[in-house]
Structures are given as structure tokens and as C-alpha cells.
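Number of protein chains: 2
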Amino acid sequence: MPIGTEIERKFVLGELPQALAFARRTAILQGYLALDGDTEVRVRRTPAAAKLTIKHGGGEVRVEEEIALGTRQADALWELTEGRRLQKTRRTMRVDGLEVSVDQYFGELDGLIVAEVEFDDEQAARSFMPPAWFGREVTGQAAYANRTLSVHGLPQEGRAG
Amino acid sequence: MPIGTEIERKFVLGELPQALAFARRTAILQGYLALDGDTEVRVRRTPAAAKLTIKHGGGEVRVEEEIALGTRQADALWELTEGRRLQKTRRTMRVDGLEVSVDQYFGELDGLIVAEVEFDDEQAARSFMPPAWFGREVTGQAAYANRTLSVHGLPQEGRAG
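Protein chains in written order, with the working numbering: chain D, 706 to 866; chain R, 706 to 866.
Just chain D, same shape as in the assembly:
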């Protein structure tokens, strides 16, 4: 499915919101097969399924395509992502009628909690007022892109400010 123009805002939370403590969560393993300029090719595995995603951002062409992978194929491709993997659990909640994904990272990124909100258009994105517990906004910061996190780990506070 093409996601067309994806408009989202991203925030670093100080802690997991109480409201989500017992929410359903999905374990996600994500690894990057190829990073080439504005194009990334990644494998994402959840207990339910494995997918290959090709994302291209920046410039006029924005593309996001997902392809289902069989288990054997997912295993073979996962091998190629070594050194560029991350592990997180995702919970979702609604804030102001919008779906918010809250990702809690593990492993080398332990302690990082990120909330992402997707919007239908730029107007909606601009007018969104994040609640105080959303913490610091990192929308568009390359250091907090998953591909960067998977390779370089947690941003240093100095760099992230």
C-alpha cells in the first residue's frame, strides 16, 4: 500500500505514559538491508508477520512500499541487516482523536521512548498541540530517524538538543 505523503511529528518521552502500562504491545524487530541516499530498504518482523519496506523520502518523489515476506525469505534477508538492527515494542493510543504510536526501544537503545503522530495534512500537523508529557519534539531530526538509531545508537544529549 502506498502511504503517499506521510506527515508525522515525533517526540521523545521521558517515560512510558501510565495509560499505556497495560496496553497491548507489539514486539518489532527492524533491520536495514540497504541505505542509499534517500532510499532505505528494511525488514520488519513482528510475531505475526515479516515485511520488506522500501522507503524513499525527500525530493519530489516520496514512496513507501511494503511487501510481505515468507519466513524463510525473512530469515535470509535478516542475515544481511547485521549491525543495523533495532528492537522496540509499539503501543498505540489516541490523543485528541489522533492515533499515536509509542515505541519503547530495547537493547542498545534501551531507555528511549518515542511517540509518533501521523496527520492527514500539513494543516492538521501544524495545529496539533502536543500534551506536556510528550516531552521534546524531534520531528525531522536525522539523529532520531530509525535508520540512524540502528547504526549510531542513542544520540548524545549535546547533539540532540
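I should point out that these hints are in silico values taken from the structure, not numbers from a laboratory. Positions of the beta carbon are idealized from the N, C-alpha and C atoms, including for glycine. Where hints are given, some of them may not hold.
[Said to hold, decoys possible] Subject to a maximum C-alpha distance of 30 Å in a straight line, what follows is the list of computed DSSO-like cross-link-like pairs (lysine-lysine):
1. R:Lys756 x D:Lys756
2. R:Lys760 x D:Lys760
3. D:Lys715 x D:Lys756
4. R:Lys715 x R:Lys756
5. D:Lys760 x D:Lys715
6. R:Lys715 x R:Lys760
7. D:Lys756 x R:Lys715
8. D:Lys760 x R:Lys715
[What the hints assert, rightly or not] Now the in silico label distances, taken between C-beta atoms and shown as ranges:
9. R:Gly812 x D:Arg777: 29 to 39 Å
10. D:Gly742 x R:Leu803: 35 to 45 Å
11. R:Glu842 x D:Thr853: 50 to 60 Å
12. R:Glu821 x D:Gly802: 38 to 48 Å
Based on the hints, put chain R in the right spot on chain D.
Same frame as chain D, but now just chain R:
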């Protein structure tokens, strides 16, 4: 399907062999989505089908995985290959009981004709005696890898020797 260890030898032909003049041919459009070290992600389109291929060579891990693409998805991904495409027709023939693919290139690579022979093992690859019309061997030459051809075009004779 995993191809495991792919052992092949590659030759640049002076011209298309007479025997193939009327052979069945398949038009192939090939474009590279992502080139990242030893990993390449490409789209290959023929009149019959479109496929995404992830290839990883070099080092201990060799992987080649193919995934079928629907037309809409193939179109969307093809957009991302601009500047890294090539166009060829493939014909196959048998030489000494081995299947040989003869690729005739068009567009910017017009005039290039390459024969590829795949072998079951290294022993078979070493003992193969190419017929005289196979021309110059370019096995392992990066300049003749499809990914290089798609980006840099025809190798200059001086460089290719």
C-alpha cells in the same frame, strides 16, 4: 529462491552469434533501487513479470532473494531507479551442455553483448573451455557488473583491458 553460491563466468562478445539470430528473446528492464556496499536491491521487469531482487555478494554471506511484484508496486518502485537503469534482451543457448545467457544491451549501452555461463561448482567453472567466439573474459570485473553498467555506462576500452 536462494541461489546459494552462484558461480559464473562472463564474456564480452564481438557480435551476436548467428545461432541466436532467430532465437526467442526476452526483453529485460533492470533498475537499481539501492546500492549499499555488497548489497544491491533491483527491480527487473520483463513482459511477463516484475521482480524485486536483493543480492548480497562478497564475504561469507551470499544471498539472492527474489520477490514477485504487482504491476502498481513495480511502477512505484521503478520510479526510484532513475539514472540507474539498463535495458537488454536475453537469449539463451547451450554450449557444451551448459546453459549460456546472451544479453544484448540497448540505450546507452548499445553495442554491448555479454555471455554468462553458470556452473554447479568451482571445478566445472575452471574446466570450462570457452569457444573462440566468446571473446574477452570479464569475470569478476566490476566495470562489467550490471550495477556498474547502469550507473557508469560502457567501460572505456583502456579501463576494461
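Q | In rising order, the numbers of the hints this structure does not comply with | A | As far as the earlier hints go, 7, 8, 11, 12 are violated by this structure, in ascending order.
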